[in-house]
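Protein chains: 2
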Amino acid sequence: MINMKRKGLLIVISGPSGAGKGTICKELIKRNSDICISVSATTRAPRKGEIDGESYFFMEKQDFKDDILKGNFLEYAEVYGNFYGTPKEKVFERLESGQDVILEIDIQGALKVKEVYPKGVFIFILPPSMEELKNRIIGRGSETPESLMTRFESAFEELNFVSRYNYAVVNDDVDIATSRIENIIEAENCRVDRVGNELIKKFGRR
Amino acid sequence: MINMKRKGLLIVISGPSGAGKGTICKELIKRNSDICISVSATTRAPRKGEIDGESYFFMEKQDFKDDILKGNFLEYAEVYGNFYGTPKEKVFERLESGQDVILEIDIQGALKVKEVYPKGVFIFILPPSMEELKNRIIGRGSETPESLMTRFESAFEELNFVSRYNYAVVNDDVDIATSRIENIIEAENCRVDRVGNELIKKFGRR
Numbered sequence: 115m116i117n118m119k120r121k122g123l124l125i126v127i128s129g130p131s132g133a134g135k136g137t138i139c140k141e142l143i144k145r146n147s148d149i150c151i152s153v154s155a156t157t158r159a160p161r162k163g164e165i166d167g168e169s170y171f172f173m174e175k176q177d178f179k180d181d182i183l184k185g186n187f188l189e190y191a192e193v194y195g196n197f198y199g200t201p202k203e204k205v206f207e208r209l210e211s212g213q214d215v216i217l218e219i220d221i222q223g224a225l226k227v228k229e230v231y232p233k234g235v236f237i238f239i240l241p242p243s244m245e246e247l248k249n250r251i252i253g254r255g256s257e258t259p260e261s262l263m264t265r266f267e268s269a270f271e272e273l274n275f276v277s278r279y280n281y282a283v284v285n286d287d288v289d290i291a292t293s294r295i296e297n298i299i300e301a302e303n304c305r306v307d308r309v310g311n312e313l314i315k316k317f318g319r320r
Numbered sequence: 115m116i117n118m119k120r121k122g123l124l125i126v127i128s129g130p131s132g133a134g135k136g137t138i139c140k141e142l143i144k145r146n147s148d149i150c151i152s153v154s155a156t157t158r159a160p161r162k163g164e165i166d167g168e169s170y171f172f173m174e175k176q177d178f179k180d181d182i183l184k185g186n187f188l189e190y191a192e193v194y195g196n197f198y199g200t201p202k203e204k205v206f207e208r209l210e211s212g213q214d215v216i217l218e219i220d221i222q223g224a225l226k227v228k229e230v231y232p233k234g235v236f237i238f239i240l241p242p243s244m245e246e247l248k249n250r251i252i253g254r255g256s257e258t259p260e261s262l263m264t265r266f267e268s269a270f271e272e273l274n275f276v277s278r279y280n281y282a283v284v285n286d287d288v289d290i291a292t293s294r295i296e297n298i299i300e301a302e303n304c305r306v307d308r309v310g311n312e313l314i315k316k317f318g319r320r
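Chains as they are written, first to last, in this note's numbering: chain U, 115 to 320; chain A, 115 to 320.
Treat the hints with caution; some may be incorrect.
Any copy will do: because identical chains look the same in the list, a pair fits if it lies in one copy or spans two.
What the hints assert, rightly or not - The list that follows gives simulated cross-link-like pairs (lysine-lysine, DSS-like), each with its CA atoms no further than 30 Å apart:
1) K202 to K179
2) K140 to K316
3) K316 to K233
4) K121 to K228
5) K315 to K228
6) K248 to K204
7) K316 to K248
Hints were generated in silico from the structure; no laboratory data involved.
Input sequences plus hints: build the corresponding full structure.
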């Protein structure tokens with residue numbers, strides 16, 4: 115058997131709010147103990163039940179700003195006065211050790227990650243229909259009618275960004291969508307532009 | 115559920131002699147009744163047990179030459195005075211109707227197909243090791259020592275062409291290799307550059 119020792123894959127799971135990114139990522143990790151998920155850092159206060167280092171790395175605003183200046187984030191954003199970001203070093207360490215890392219992230223974040231790490235596998239999660247997306251956003255029940263319309267409009271706009279991704283997966287069923295992502299990961303591990311050099315070393319040298 | 119009505123995929127299974135292309139293709143078709151395999155045309159005489167239209171389309175040399183001039187082959191080659199080729203129309207009809215088509219073909223043929231149909235999925239089948247490739251070629255028992263060395267040398271040379279393919283699949287186990295190819299097909303069906311336009315039509319138009 116060929117030793118295809120390689121870097122891990124950075125698998126970016128992204129898409130509009132309500133598409134079901136979070137549920138799919140949970141299922142993916144449940145099924146694949148060898149894949150790990152990147153935990154984001156944030157300056158917002160922990161909500162009830164959230165665990166530091168699991169839900170998020172909770173940080174003081176000043177520390178976060180210092181880390182920005184040090185270039186410690188793969189991407190970051192300020193949303194309603196709070197910062198959110200992806201700690202770079204943890205992700206890169208794992209990739210170097212050959213582990214696949216999942217990044218569950220919004221579209222703006224994914225596009226920033228693509229700029230600095232285009233070798234990532236960029237997967238856009240789609241709702242089965244706009245109607246269903248609306249139902250899911252409403253179903254969360256945590257929105258006012260105004261913020262709901264804003265969310266819905268912005269989800270609609272965001273769908274146009276699908277063209278910047280490598281793959282689109284329709285989340286009509288969490289199990290099926292998760293299996294599709296597993297297939298994508300398997301296929302990416304057979305791509306010649308990822309494993310070609312290893313193969314040529316193994317076979318092609320005279 | 116989004117209707118992802120699309121063209122079929124042209125899946126080109128290629129690699130050096132002895133890598134196990136044929137066995138993998140048989141398994142792939144056994145498992146997936148919706149995938150069909152392209153039957154080659156040839157001017158060589160049928161061998162015992164070969165069925166016209168299944169093993170090959172057996173043709174007269176003059177008819178084959180006429181078809182070449184008419185541009186009826188996706189690729190063709192002359193080997194030891196016999197012609198072999200892939201009938202173009204049958205393949206394209208099936209792709210248009212949305213059916214996936216497998217082409218089991220040698221490396222020279224695959225590279226020609228890539229020129230005229232770069233949208234194909236080009237998969238290179240690798241033996242688990244050069245030692246194993248040697249054993250498999252010997253195991254066929256139909257070779258003289260000289261032709262065996264020639265075959266082996268040429269297989270070795272051919273491995274360098276892996277870089278022209280999209281995917282490399284190591285055939286250490288037929289079941290696993292076949293599953294890898296199934297994963298690749300599934301993943302290709304999620305590629306934005308294949309389904310993007312359908313998605314944008316469905317969701318993105320205001």
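The hints, checked one at a time:
1. K202 to K179: Close inside one copy (14 Å), not across copies (61 Å); limit 30 Å.
2. K140 to K316: Answer is between: at 28 Å across copies they meet the 30 Å cutoff, but 37 Å inside does not.
3. K316 to K233: both (23 Å within a copy, 28 Å between copies)
4. K121 to K228: For K121 and K228, both the intra-copy (17 Å) and inter-copy (29 Å) Cα distances are at most 30 Å.
5. K315 to K228: both (29 Å within a copy, 25 Å between copies)
6. K248 to K204: neither (35 Å within a copy, 44 Å between copies)
7. K316 to K248: For K316 and K248, only the inter-copy Cα distance (15 Å) is at most 30 Å; the intra-copy one is 52 Å.
Hint compliance for this structure: hint 6 is the single one not met.
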